[in-house]
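Student: If you read the sequences in order, they're chains A and B.
Numbering-wise (my numbering), the first sequence opens with residue 6 and increments by one.
Numbering-wise (my numbering), the second sequence opens with residue 6 and increments by one.
None of these hints come from the bench; they were simulated from the model.
Careful: at least some of the hints might be erroneous.
Which copy is meant is left open, so a pair is good if it fits within one copy or across any two.
[Said to hold, decoys possible] In the SDA-like style, the derived pairs of lysine to any residue whose C-alpha atoms are separated by at most 25 Å in a straight line are: (1) Lys165 <-> Glu249; (2) Lys362 <-> Ser191; (3) Lys165 <-> Thr220; (4) Lys200 <-> Glu171; (5) Lys165 <-> Ala248; (6) Lys165 <-> His89; (7) Lys165 <-> Arg229; (8) Lys200 <-> Arg172.
What you are looking at is a predicted structure, and each value in this text was computed from that prediction instead of being measured.
Given next are the chains, with one letter for each unit.
There are 2 protein chains.
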Amino acid sequence: MAQQHLDPTDSTAVSSPEPPTAPEPGGAPTAEALACYLRAQATEFLRALRLHRETGGAGHGTEESVDAARALRRSARRISGTAHTFRPLLDETWSAELCPELAWLSGTLAREHACQACLERLLLALHRLSGTAVLPAQPTEEAAGGRGADRGNLTVGAAKAGALLERQLTLARTRAHSTALQALGSARFHAVADKVAVLASDVPLAPGAAAMDLTPLAAAARERLTDAVAALPLVTAGSPYNAEALIHGLSPDPAPHPQDAPWHQVRLLLRLHRYAREVLDGAGGQLGGSSAHVRLSAAGQALDRHRDASEAAAAAAAAARTPRIAPATAYALGVLHADQRHEVEAARFAFQQAWQKQAVGAG
Amino acid sequence: MAQQHLDPTDSTAVSSPEPPTAPEPGGAPTAEALACYLRAQATEFLRALRLHRETGGAGHGTEESVDAARALRRSARRISGTAHTFRPLLDETWSAELCPELAWLSGTLAREHACQACLERLLLALHRLSGTAVLPAQPTEEAAGGRGADRGNLTVGAAKAGALLERQLTLARTRAHSTALQALGSARFHAVADKVAVLASDVPLAPGAAAMDLTPLAAAARERLTDAVAALPLVTAGSPYNAEALIHGLSPDPAPHPQDAPWHQVRLLLRLHRYAREVLDGAGGQLGGSSAHVRLSAAGQALDRHRDASEAAAAAAAAARTPRIAPATAYALGVLHADQRHEVEAARFAFQQAWQKQAVGAG
């Protein structure tokens, strides 16, 4: 069953590269392609911010508000990621000031959503483990309440574990919501929004940037990704049921699984590589039809699932450390923790499969 | 990833059949081949019984004694399984009397070993889950004590769970040991041993059996196996990380997982098929070199692992229902239960892989 570790730089594994559709057809993609991409993302940021304000702000739970927050994070990540990859082409002071602020913003906005998603993942898993019908995913705030009402189908342990997780993660979400609201009303945020508003029309390029080629910088981002992937235990991950992910499931170390960190790192590098491809391929994410893009996206989704399952497993383990819980509750949380760690392992397997097919050299 | 369900009767998937080495080369295997096999197994039974008495009986924990008990069970299973498959060739009253008695005997002798193996499996899993070095398997009685001394490396929960399982399974093993000793000293056992002693020289064939062909009866045993395998969810099992085995992990139903039963049934039918092959291929299990035999044996090992993991998962769940245990103990038992249910799933995957390659039609 052992899969061969695929060398992603092996050109035989790479599908024919797509022709870049940069603004200057025929020539190498230049700073103008970067400026064009950043302007588009800044415009998207401002649009999402307006929509977010109109729909009542983060956490009001309407679908539009959730979508707006997601779009806001999405463009913030793209601006800061792109500025990171193509830093030599941009004004140094500007990058050094804006990038950490955008990271702070998207991090702050992401936390509320992460708590909600983690709770939904764990409650769905509890239902699956109890052999009851799995409820359809509901992205809105009412979901948790809806699940709670259905708790009659669960065993005592599963129901108590569900209630405990709901209490703990709802509290965390409420705190994250307050923090996000405070952030969005702060002078710090207004400074970021002002900078992005300027970026929508005027990208601060470094002196001499206009003549520079983007390709080597994009290639460097790709190389950082392939190097990090090469360091992953992909042979193990490609062998199903390797039981690696749970190996520290009862470790005395209460810290999150250290084995997850290289995978989280690859997730971030994959994202940077994808953004760099977007810049080179034209204005923002119009890559839909390309099969290389589809596979890159499958690899990215596997790593998202890896991160989500890793966090959910940690949340179940943390809940089990609550003082004075019943043994049945603790037992259910143990089963749930192990289940999510196996999800971690399954996600690594899925990544290995996607990466094997991955034409990372294309574009 | 979905694997096609392999039709084991599909001749294209079947390797070239081995020439049967029955006592009458060239002709169809007859009752003489069956008699020859039964005499050999009866002789082996008597040899194992003698060795078992010389080494001090079951449960004294010496390697010879454990080996002797295993050989005793092995030949008892073969005699009763073969008598079942080829019943029309044997004296009806004799079969009807001996078969249930041999099943009782091998069942009684197996229980002590099963408790010990289950405990070793669970303690090894606890060490693996704690991220500590996995100790080498020790088949003797001292193993449990050795593990206990090493418990300092475990977390409090894992150590307490290990101690609880050790107490419960050691008690169960001690009871099984007494029951086995009583059985071996009983008049019931002496009646079985006497019957087997007669069998070693004189196989009670049915009238007209001498002229009968064994092949259709062996083929019927094979068909019962392939029919039972065809009813298994092999497409799901062949798709890694399908999360099926844990689906009732927190079910309110305290009964053993009903989804395991068809797999246990296939395990028994595979065994009967293997014994029938042994009869046809000559005197007792000299099939070592054949690749079909190797694959059949891989499929059988996967089902043994399935049964062992299923029982270990049930033991962990049962231990978690002990009153007044600490939450940390219950949590560790929950992780352990889920881990063993994933072993169940892994064993199903391994069976699917072995079966896919299986040339069940050969021999």
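Student: Next step is simple, just say for each hint if it's right about the structure.
Tutor: Status of the hints after comparison with the structure:
1. Within a single copy, Lys165 and Glu249 get their C-alpha atoms only as close as 29 Å, which misses the 25 Å cut-off; across copies the closest is 23 Å, which meets it.
2. Neither within a single protomer nor between protomers do Lys362 and Ser191 lie at most 25 Å apart by alpha-carbon distance, with minima of 46 Å and 65 Å respectively.
3. In this assembly of identical chains, the alpha carbons of Lys165 and Thr220 never lie at most 25 Å apart, being 55 Å within a copy and 59 Å across copies at closest.
4. Taking the shortest alpha-carbon separations for Lys200 and Glu171, neither the intra-copy value of 38 Å nor the inter-copy value of 65 Å comes in at or below 25 Å.
5. In the homo-oligomer, the alpha carbons of Lys165 and Ala248 lie at most 25 Å apart only across protomers (23 Å), although the nearest pairing inside one protomer, at 28 Å, exceeds that limit.
6. In the homo-oligomer, the alpha carbons of Lys165 and His89 never lie at most 25 Å apart, since the shortest distance is 45 Å inside one protomer and 50 Å across protomers.
7. Proximity of Lys165 and Arg229 under a CA criterion of 25 Å is satisfied in neither setting, with 45 Å inside one chain copy and 45 Å between copies.
8. Proximity of Lys200 and Arg172 under a CA criterion of 25 Å is satisfied in neither setting, with 39 Å inside one chain copy and 67 Å between copies.
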